[in-house]
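**Student:** Chains A and B, in that order, give the protein sequences.
Each residue of the first sequence is one higher than the one before, counting from 27 in this note's numbering.
Each residue of the second sequence is one higher than the one before, counting from 966 in this note's numbering.
None of these hints come from the bench; they were simulated from the model.
Be careful, since some hints might not be right.
Stated by the list, open to error - Lysine to aspartate or glutamate pairs mimicking EDC-like chemistry, simulated, CA-CA at most 20 Å apart: (1) A:261 <-> A:251; (2) A:184 <-> A:229; (3) A:184 <-> A:106; (4) A:264 <-> B:982; (5) A:261 <-> B:982; (6) A:199 <-> A:178; (7) A:261 <-> A:231; (8) A:227 <-> A:195; (9) A:264 <-> B:979; (10) A:144 <-> A:251; (11) A:199 <-> B:1005; (12) A:227 <-> A:157; (13) A:227 <-> A:251; (14) A:199 <-> B:979; (15) A:227 <-> A:309; (16) A:227 <-> A:193; (17) A:199 <-> A:258; (18) A:261 <-> B:979; (19) A:144 <-> A:206; (20) A:184 <-> A:107; (21) A:184 <-> B:979.
All of these numbers come straight from a predicted model, not from anything done at the bench.
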Amino acid sequence: MVLTAPADPTADAVILQLERRQVALARFDAAQFPTEIDFTAWLDKAGGWHAHIGGVCLSTLEAIYYRRPRRFTFAPDIPDDYLNWCEGQARFGFWGVLESLPVRWVNPPSRVASAEYKPRQLHFARQAGLDILSTLITNHPADVSRFGSDNDMAIVTKVLYARMPRDTEGHPKGVAYTMDVPPNRYSDSRISTTAHLFQAKIDRDHDVRLTVVGTLLFAVALHRDRDDSAPDWRKNYKIIHYSPCAVPAAVADGVRRLMDSLGLVFGALDFAVTADNQWIFLEINPNGQWFWLEQQTGVPISAALAELLRGPR
Amino acid sequence: MADQLTPFGLTFLEPLEVSFPTREVTGAVLCRQRQIAMFDGRPLCELMTTEMVESTPTEKDGKDPINVDSDPFYD
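Take these sequences, add in the hints, and give me the full structure.
**Tutor:** As structure tokens, then:
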């Protein structure tokens, strides 16, 4: 079963691969529940589920690909102040049942959610043997000043929480890339408004987006012009040159340990690579994008995902 | 009314690049039999360039879950 929005070319690419392998599948979007599709799950005394979604018997499922399902959609005549409760009921019921099924997940949504915590990612990455950057999480401006000054280093700030504020129509108000923090802002009083993350700025040669699918690693180097020193390559895709690259054995081992510790079988990891080929872990996106890398370089990620979902033959 | 206070992290907010969905993206329909988006009899994902991929709601997000209002677990 593939859970995603109707317009999702990334999921389509995987479904095409499953189609070539003659794997039967059902595609749903959480937004179809409960207004378009029914969902019933009965747990018998022996612990067995008898469940169906939109006419699909869940006992026939072998795997679930959790891509980009939208939010549940409720009847328009439910009062606004009841909608959050309905959403909670749907969330705990719908996902609670699906996550208890004996199927292969790519990835279970609860693990995606817990893997999103960047401080936890960094801690687990270091424990897995990966190199990380000196990192400060604080709402105390004086500690930011100390962090930057004591180590005599340039620092950057990046968001801990990826969902940006929205306007009244529900559109994101913008995007906060990883940004340089000039020294005159180390003591900005607005740091005290909430938790913020700061890191040492690295002198990188290039970046790598490493996509993990099961035991397979697909690394793509992202090279930019020398005069572009922005800490975040997402700011300007048009100047990026892509090329598949090899992963040092120690990094590959560390990545596999990290995936195990986070309970993930898929992840899109970002590394900064120095001139002497030191790979420094920046973050893992547990439901990150990858289709554009397949288009740019031909790395066979959609086929690998299809094989992972199909399971051992 | 008191002056509004912008959290430090949001002082770095930059406007999203406006994307204009192509004819293929807006005209594609989900094929119930194959369960993929199709345009003019062909799978949409086979017709798409990188730029077209980025103009869909699930992709124009900086390649990770920044703008996708999809995952209930993030709230």
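**Student:** Does each hint fit the structure? Answer for all of them.
**Tutor:** Each hint, compared with the structure:
Using a Cα cut-off of 20 Å, the hinted pair residue 261 of chain A and residue 251 of chain A holds, with the two alpha carbons roughly 13 Å apart. In summary, the hint linking residue 184 of chain A to residue 229 of chain A is supported, as the alpha carbons are separated by about 17 Å, within the 20 Å threshold. As the CA atoms of residue 184 of chain A and residue 106 of chain A are separated by approximately 34 Å, the hinted pair breaks the 20 Å bound. Taking the CA atoms of residue 264 of chain A and residue 982 of chain B, the gap is near 13 Å; set against the 20 Å cutoff, the hint holds.
The suggested pairing of residue 261 of chain A with residue 982 of chain B holds, with an alpha-carbon distance near 10 Å, which does not exceed 20 Å. At most 20 Å may separate the alpha-carbon atoms for a hinted pair to count; residue 199 of chain A and residue 178 of chain A exceed this at roughly 34 Å. Annotation: proposed proximity of residue 261 of chain A to residue 231 of chain A holds, straight-line Cα distance about 17 Å (limit 20 Å). A hinted pair counts as satisfied when its Cα atoms are at most 20 Å apart, and residue 227 of chain A with residue 195 of chain A does not qualify at roughly 36 Å.
Of the pairs offered as hints, the one joining residue 264 of chain A and residue 979 of chain B holds, with about 17 Å between alpha carbons and a cut-off of 20 Å not exceeded. A threshold of 20 Å between alpha carbons decides the hint, and for residue 144 of chain A with residue 251 of chain A the separation of about 28 Å lies outside it, so the pair is violated. For the proposed pair residue 199 of chain A and residue 1005 of chain B, the alpha carbon gap of about 34 Å is over 20 Å, so the pair is violated. With a CA separation close to 14 Å, the supplied pair residue 227 of chain A and residue 157 of chain A stays within the 20 Å bound.
The suggested pairing of residue 227 of chain A with residue 251 of chain A holds, with an alpha-carbon distance near 18 Å, which does not exceed 20 Å. A C-alpha spacing of about 8 Å is found between residue 199 of chain A and residue 979 of chain B, which places the hinted pair at or below 20 Å, so the restraint holds. Annotation: proposed proximity of residue 227 of chain A to residue 309 of chain A holds, straight-line Cα distance about 14 Å (limit 20 Å). A threshold of 20 Å between alpha carbons decides the hint, and for residue 227 of chain A with residue 193 of chain A the separation of about 32 Å lies outside it, so the pair is violated.
For the proposed pair residue 199 of chain A and residue 258 of chain A, the alpha carbon gap of about 19 Å is at most 20 Å, so the pair holds. With a CA separation close to 10 Å, the supplied pair residue 261 of chain A and residue 979 of chain B stays within the 20 Å bound. Between residue 144 of chain A and residue 206 of chain A, the direct Cα distance comes to roughly 18 Å. Compliance with the 20 Å bound is thereby established for this hinted pair. Restraint check for residue 184 of chain A and residue 107 of chain A: the C-alpha separation of about 34 Å exceeds 20 Å, so the hint is violated.
For the hint pairing residue 184 of chain A with residue 979 of chain B, the CA-to-CA distance comes to about 13 Å; that is within 20 Å, so the pair holds.
The structure is inconsistent with the numbered hints 3, 6, 8, 10, 11, 16 and 20, although it conforms to all the rest.
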